[in-house]
Amino acid sequence: DAKTTQPNSMESNEEEPVHLPCNHSTISGTDYIHWYRQLPSQGPEYVIHGLTSNVNNRMASLAIAEDRKSSTLILHRATLRDAAVYYCILRDPNSGNTPLVFGKGTRLSVIA
Amino acid sequence: GAGVSQSPSNKVTEKGKDVELRCDPISGHTALYWYRQRLGQGLEFLIYFQGNSAPDKSGLPSDRFSAERTGESVSTLTIQRTQQEDSAVYLCASSLGTSRSPLHFGNGTRLTVT
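So the sequences go chain by chain: L and D.
Residues 6 to 117 in our numbering are what the first sequence lists, from first letter to last.
Residues 4 to 117 in our numbering are what the second sequence lists, from first letter to last.
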């Protein structure tokens, strides 16, 4: 699987937007970009995924660069509950249901 | 609806004892995954089941680790002759049988080997 690079940690003020970056310069044409997050003392939870176009759902937005070598997860208004480790993962659907490979992710702290 | 359920939520065992961890996946999910997460670390893949296919055991760290799954239901992860380095949170996830389906994780079993 192609590798992703994320900052180790980020900090945000409550009720402000947060932009979490992810670099994936070796992404293949068929790799989907998936984001998960892990709240304290919980298992990871799915946030969003996309291929080429920007994606929105009730949790977040995913902005994908035109060359697909980077992407940004956008939380429009951070809340204290959004404090978590955010993982950016590439997944090739042609490789079947192979397990997701989690890196170290970005630890997001939200300040009240 | 019900999510992935894991039991027990916490387990303390003595070094050398065997332990069994249980995972109840979401009904209808054909894929089931086990991961391990040591304190302050990322997730390590252990084993993966997909329907009736042979499981992918490539992540199991030693022959003390094994897992079973009956059909598309419950899975058990067994660790024999536990060692202190086995202390970790063991996470189970399930998903539908498509490659774009998100994984749904349980909250894990925290195993402490004394």
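In short, the hints are calculated from the structure, not lab data.
Remember, it's a predicted structure, so these values are computed and weren't measured experimentally.
It is possible that some hints are incorrect.
Said to hold, decoys possible - Covered by chain L, according to a simulated footprint, are these stretches of chain D (three or more residues, beta-carbon under 8 Å):
1) 12 to 24
2) 107 to 116
Claimed, not checked - Part of the chain D face toward chain L, derived, beta carbon under 7 Å:
3) Tyr36
4) Arg84
5) Ser90
6) Leu94
The beta-carbon is built from N, C-alpha and C at its ideal position, and this holds for glycine as well.
Against the structure, the hints come out as follows:
For the segment 12 to 24 of chain D, the stated coverage by chain L is not satisfied: 0 residues place a CB nearer than 8 Å to a CB of that chain, which falls below the threshold of 3. A count of 5 residues in the segment 107 to 116 of chain D with a Cβ less than 8 Å from any Cβ of chain L is obtained; the coverage claim is therefore met, three being the minimum. Of the supplied interface hints, the one on Tyr36 of chain D holds, with its beta-carbon coming within about 5 Å of a beta-carbon of chain L, less than 7 Å. The restraint placing Arg84 of chain D at the interface with chain L is violated, with a minimum CB-CB distance near 26 Å, outside the 7 Å limit.
Because the closest C-beta pair between Ser90 of chain D and chain L is about 16 Å apart, greater than 7 Å, the hint is violated. The beta carbon of Leu94 of chain D comes within 5 Å of a beta carbon in chain L, closer than 7 Å, and the hint placing it at the interface holds.
Checked against the numbered hints given earlier, the structure breaks hints 1, 4, 5 and satisfies all the rest.
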